[in-house]
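There are 2 protein chains.
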Amino acid sequence: MVKDSSVPEVVILRLPLYIRALTQMSEEGQAVVSSKSLGDRLQITPAQIRKDLSYFGRFGKQGRGYKIASLIEELTNILGLNRQWNSCIVGVGRLGKAIINYPGFVPEGFKIVSAFDNDESKIGQTVNEIQILPMNKIRSIVKENDIKIAILAVPATIAQSVISDLVDTNVKAILNYAPIAPKVPKTLILRNIDPVLSLQSMTYYLD
Amino acid sequence: MVKDSSVPEVVILRLPLYIRALTQMSEEGQAVVSSKSLGDRLQITPAQIRKDLSYFGRFGKQGRGYKIASLIEELTNILGLNRQWNSCIVGVGRLGKAIINYPGFVPEGFKIVSAFDNDESKIGQTVNEIQILPMNKIRSIVKENDIKIAILAVPATIAQSVISDLVDTNVKAILNYAPIAPKVPKTLILRNIDPVLSLQSMTYYLD
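Protein sequences, first through last, are from chains A and B. Just so you know, we're using my numbering here: the first sequence kicks off at 404 and counts up by one. Just so you know, we're using my numbering here: the second sequence kicks off at 404 and counts up by one.
Since the hints were made in silico from the structure, they are not lab data. The reader is advised that the hints may include incorrect statements.
Note that identical chains are pooled: a pair holds if it fits in a single copy or bridges any two copies.
Stated by the list, open to error - Here are the computed lysine to any residue pairs in the SDA-like style, where the Cα-Cα straight-line distance is at most 25 Å:
{"no.": "1", "residue 1": "470", "residue 2": "523"}
{"no.": "2", "residue 1": "500", "residue 2": "597"}
{"no.": "3", "residue 1": "439", "residue 2": "497"}
{"no.": "4", "residue 1": "586", "residue 2": "610"}
{"no.": "5", "residue 1": "454", "residue 2": "573"}
{"no.": "6", "residue 1": "586", "residue 2": "434"}
{"no.": "7", "residue 1": "575", "residue 2": "443"}
{"no.": "8", "residue 1": "470", "residue 2": "542"}
{"no.": "9", "residue 1": "470", "residue 2": "570"}
{"no.": "10", "residue 1": "586", "residue 2": "485"}
{"no.": "11", "residue 1": "514", "residue 2": "446"}
{"no.": "12", "residue 1": "586", "residue 2": "598"}
{"no.": "13", "residue 1": "540", "residue 2": "428"}
{"no.": "14", "residue 1": "525", "residue 2": "589"}
{"no.": "15", "residue 1": "514", "residue 2": "467"}
{"no.": "16", "residue 1": "546", "residue 2": "608"}
{"no.": "17", "residue 1": "575", "residue 2": "442"}
{"no.": "18", "residue 1": "500", "residue 2": "427"}
{"no.": "19", "residue 1": "454", "residue 2": "527"}
{"no.": "20", "residue 1": "546", "residue 2": "473"}
{"no.": "21", "residue 1": "586", "residue 2": "609"}
{"no.": "22", "residue 1": "575", "residue 2": "446"}
{"no.": "23", "residue 1": "470", "residue 2": "575"}
{"no.": "24", "residue 1": "439", "residue 2": "540"}
{"no.": "25", "residue 1": "470", "residue 2": "582"}
{"no.": "26", "residue 1": "525", "residue 2": "468"}
{"no.": "27", "residue 1": "540", "residue 2": "509"}
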C-alpha cells in the first residue's frame, strides 16, 4: 500500500459509490449537490460524506454544496481512475467467460488483456478476442503487460492455491469470485464478489 | 426491518464471513478456534470479533476459544439461514442465465423458483427448468411462492423502474447486479453486486 494509509479503508470503499451517484446526478442534468442530497441518494448521513471528503482536502464551500463535475474529477484522480488498468482473468469456465464478455469494465478503465486456465482443452482458444494461456505463462505475461489486477474465477477448491501462485507475480490486487475466505499476504489487496454472502446478510432482516 | 435494530448493519455484514471461515476451518478438521485465529484468517481484529459476537449473547469461554460447530449453528440461526429462502430473478439476459445456472446458491439455502423478463421472445422459454414469465405476473407469483428475495439482473437503464415495481410486491430484499446506485424505500433491503465498484476501491492502493 503506497498511498496515505491514514485514510480508513471504509472511506476508500465509499468513494466509488460517490462517483457513481454523482455521475448519475450529472447525467440527470444536475450541476451542484449538497451533502444532504448526495446522502439521501446513498443512504449515508451528510456528516459522514463531509467527513469522508475532508480526508482529501476541501471540496465545495459551506452552504453552497459541491460542484458535481469537479468533485467527480477529484475523486477519479484520488482513486487513480484517470488511466487504464490492465487486468487478467484466471479461470475461464462459465463464470470466467461471462466476466470476459461483461461490457461494464472497459468504460470504467479496466481492460482484461489476458486469460489463463490450466485445462488443456481450453488453452489456445479465444474468448472475446483474448487467447487463453496456460497458468505457467502468467508471471511473464503479467510483467510484460503491466497487469496489476487479477480477476479470479476458479473453483473454490483451488482458489487458495492460485492466490499463492499470484503472490510471486506483479499482480497487486485480486478480485475474487470464488466463494471462499482466502488468506492473502498484506502486500496484496483483495476484494470478494460473493452473492451468497450478500444474500446471507439480508435474511437477518427478513426472518 | 423486523429484527433488533440495535445491532449495527456492519456487524450483520460480517456474520456470513464468520460462518464461511468457520466452515472452512471445520472442514480442515478444526473443532475449536480463538478469536485471534479467526481474526487472522479474516484480517479482522480479535477484539472486533468478540464485540460483534457479544451483540448476540455469550459464545465460548474466556481463554478457551469458540467451539466451531456450535458457533456455526448459532450464527446460522441468528441470520435465519436454517431454512430455504425462495427467490426470483428479474432479467434473463446473459447475466441472468449465468445466475440461474450458478450452483452456489442452493447449498446455502437460496433457491431461484421463478424468472421474469419483459422480452416477449424469451417468455415461455425455460432456463435450468425455470420458466421465464412476463413481468406482469410477478406480484401474484411472488405471493404464491412466498418469495422474499429478488435478484435483479436487468440493464442499468431500467433497474430503477423495475425496483419501483418490486416495492408493491411481497419482495423484501433485492440483490442488485445492475451498476447503478438505486433509490430504495427503507422497507426494502438492498445489496449491490458490483465488480466495478470493487475494482475502483483497489486502484487507490495501486497508483
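- prompt: Should residue 470 paired with residue 582 be assigned to within, between, both, or neither, using CA atoms and 25 Å as the limit?
  reply: Answer is between; shortest inter-copy Cα gap is 23 Å, intra-copy 40 Å.
query: How would you label the pair residue 439, residue 497 (within, between, both, or neither) given a Cα cut-off of 25 Å?
result: For residue 439 and residue 497, the Cα distance exceeds 25 Å both inside one copy (42 Å) and across copies (37 Å).
query: Is it within, between, both, or neither for residue 546 and residue 608, if the alpha carbons may be no more than 25 Å apart?
result: Cα proximity of residue 546 and residue 608: across copies only (19 Å, versus 46 Å in one copy).
message: With identical chains, the pair residue 546 and residue 473 could be close in the same copy or across copies; at 25 Å between alpha carbons, which is it: within, between, both, or neither?
response: Classified as neither; 35 Å inside a copy, 46 Å across copies.
message: At most 25 Å between alpha carbons: which applies to residue 514 and residue 446, within, between, both or neither?
response: neither (31 Å within a copy, 29 Å between copies)
message: Within a copy, between copies, both or neither: which one fits residue 470 and residue 575 at a CA-CA cutoff of 25 Å?
response: neither (33 Å within a copy, 35 Å between copies)
- request: Can you give me the call for residue 470 and residue 570, within, between, both or neither, at a CA distance of at most 25 Å?
  value: neither (41 Å within a copy, 32 Å between copies)
message: Within a copy, between copies, both or neither: which one fits residue 575 and residue 443 at a CA-CA cutoff of 25 Å?
response: So residue 575 and residue 443 pass the 25 Å test across copies only (20 Å; inside, 35 Å).
- prompt: Between residue 470 and residue 542, at a C-alpha cutoff of 25 Å, which is it: within one copy, between copies, both, or neither?
  reply: neither (44 Å within a copy, 41 Å between copies)
- prompt: Between residue 575 and residue 446, at a C-alpha cutoff of 25 Å, which is it: within one copy, between copies, both, or neither?
  reply: So residue 575 and residue 446 pass the 25 Å test across copies only (17 Å; inside, 32 Å).
- prompt: For residue 586 vs residue 610, is the C-alpha pair at or below 25 Å within one copy, between two copies, both, or neither?
  reply: between (32 Å within a copy, 23 Å between copies)
query: Can you tell me if residue 500 and residue 597 fall within 25 Å by alpha carbon in one copy, between copies, both or neither?
result: both (17 Å within a copy, 17 Å between copies)
Violation of the numbered hints given earlier is confined to hints 1, 3, 5, 8, 9, 10, 11, 13, 14, 15, 18, 19, 20, 23, 24 and 26; the remaining hints are satisfied by the structure.
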